[in-house]
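Fit chain H with the ligands to the given chain C structure using the hints.
Residue numbers (my numbering), protein chains in the order written: chain C, 1 to 311; chain H, 1001 to 1247.
Among the hints, erroneous ones may be present.
What the hints assert, rightly or not - Cut-off 27 Å, straight-line C-alpha distance, at most; resulting in silico cross-link-like pairs (BS3-like, lysine-lysine):
hint, chain 1, residue 1, chain 2, residue 2
1, C, Lys-2, C, Lys-135
2, H, Lys-1187, H, Lys-1012
3, H, Lys-1012, H, Lys-1204
4, C, Lys-135, H, Lys-1187
5, C, Lys-138, H, Lys-1204
6, H, Lys-1034, H, Lys-1204
Said to hold, decoys possible - Computed from the model, here is a short list of chain H residues facing chain C with C-beta under 8 Å:
hint, residue
7, Ser-1003
8, Tyr-1066
9, Gly-1074
10, Gly-1129
These are calculated hints, taken from the structure and not from any lab test. Beta carbons: idealized from backbone N, C-alpha and C, even for Gly.
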Amino acid sequence: MKPAASVIAFTVASGAGYGLLFWLALLRPLGLVPQGAWFGGVAAVLALALITAGLLSSTTHLGRPERAWRAFSQWRSSWLSREGVAAVATYVPAGLFFLSIVAGWPVLAAVSGLLAAAGAAVTVWCTGMIYASLKPIKEWHHPLVTPGYMLFGAFTGAALLAVLAGFWGMDGVPAAIAAVLGALGFALKRAYWRSVDATPPVATAESATGLGSIGQVRPLDPPHTETNYLLREMGFRIARVHAARLRMITLGGGFVAPALLLALALPVGGWVGWLLLALAAVLAIAGMLVERWLMFAQATHTVTLYYRGNA
Amino acid sequence: MTSLPTPAPGGKKLGLVIDLDTCVGCHACATNCKEWNASGHMAPLPDHNPYSAGAEGVWFNRVHSYEAGDGEDGRTVHFPRSCLHCETPACVTVCPTGASYKRAEDGIVLVNTDMCIGCQLCAWACPYGAREFDEDQGVMKKCTLCVDRIYNETIPEAQRVPACVSTCPANARHFGDLGDPDSAVSKLVAERGGFELMPELDYKPVNRYLPPRRAPKPDAGPPKDAGPLNSQIQNPLLRWMDKVLSR
Ligand code: SF4
Ligand code: SF4
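Excised from the complex, chain C in its bound form:
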């Protein structure tokens, strides 16, 4: 599948934003992050800014962005519609959360925060399900895809929260959470790649054409000599060596290195510790961009069976 920059930016930015919102809302009432209005306000604004930037970026992927409001109507059947509804609905408690932090209403902040955290989790779940529900794409229709979207959002969000909390000199818990999530992310992504590489294709040229009863099926003449939408959109391919290298970069640079830096920042502390946290967050987000790009570039669609005989 062709990696769409707008969709990659959307899922990475909003994933991190929802993760940040989630951890802020959960850790603040427990007193595990700085309690001041400034810290809470800045963190909530950063979360909402990332979410909003992501959502705006996603509309540039549409052929008719001015009709985007129509996407809220089919939540009964469509994960994309559910994602839109959940995203918009989450703004209500998230906005209230921000207000009550700034105004200093702890009870309302705790309640609206928990609602916002639930909304964040539901929205990212829906994002994952958009992909995981697509049967023709083996690499997306996989049980680890949606948990991956959730875990990676939680990881990058926690890493960002650690940076902010570090600025206020109270980064212990978010940094520890982010380090653990980074390790979990590494394990999940590796398990996902192992599993998906071992999964047989969903269909074959023989079943796609129904000619398997005659024997092996090979494309002879293509239906058109030039390219078309299908080949550009679903026929995107990446060389195996590049993919292997990018997978290493994702695992090493996007999960292992930030997790180690986060763990290192805890004992180091001070300004050096804060720089380590910042570097970890930058690496985590950059690694996530590579991970998301690969998620598209390595995805195979059954329509290519008709054109190439393999997916």
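This is chain H with the ligands only, laid out in the frame that chain C set:
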């Protein structure tokens, strides 16, 4: 509404039956489809660089050619590919806007291009590559089963079939109600062992394909009760007589 209609028992399922035995791969169906639909229900079907290198555009029907099997059993098969008007099409249920829908009355899957936001999720969800994006209008396009012909009372009755069916010179395309076991198309499918494409994905396509007929077995020699071959007769005189008499 992108939730699927509840199928009525014995309800209509309009679709195509494509005979892979007789299809000669002439692309007439694809061409006439483009011709009709360029100004039909889902018009226009855009083209880019139509008169130069890199020409491409939106088509609802694409004719592939394959080799199947090896050696004497190998076949060249021409294979038209278009929307199969599936019974459980995820292309419809993934649509966030309600632009994609399946008609309850006849099962035709359509796009309302006035509502489509061009998210293209439906094209990802179709295993068969039946949906092509109109980059000019920013909306999705697909086969309409010529909904603007089959019910069209302003054209002669004989022409009220999809454009691809009406134009096929080899009579390889048939149109009818596959929900009615007594329809001509259903009987044809039963008789010829018609099959669905990628049944393992469980989209339950309505269209059926008829398999190429088996090639006749290679010459197995003369029947057992036949006399000796001319070349097997030793006596030259008798051999000459056999030759003359068998003329
Ligand atoms: S062939 Fe594709 S576009 Fe047509 S109904 Fe089935 S899934 Fe939808
Ligand atoms: S491209 Fe249009 S028809 Fe297809 S899923 Fe999106 S809104 Fe629906």
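Report task. Just pull the numbers of the violated hints for me, sorted ascending. Result -> Result: hint 4 breaks, nothing else.
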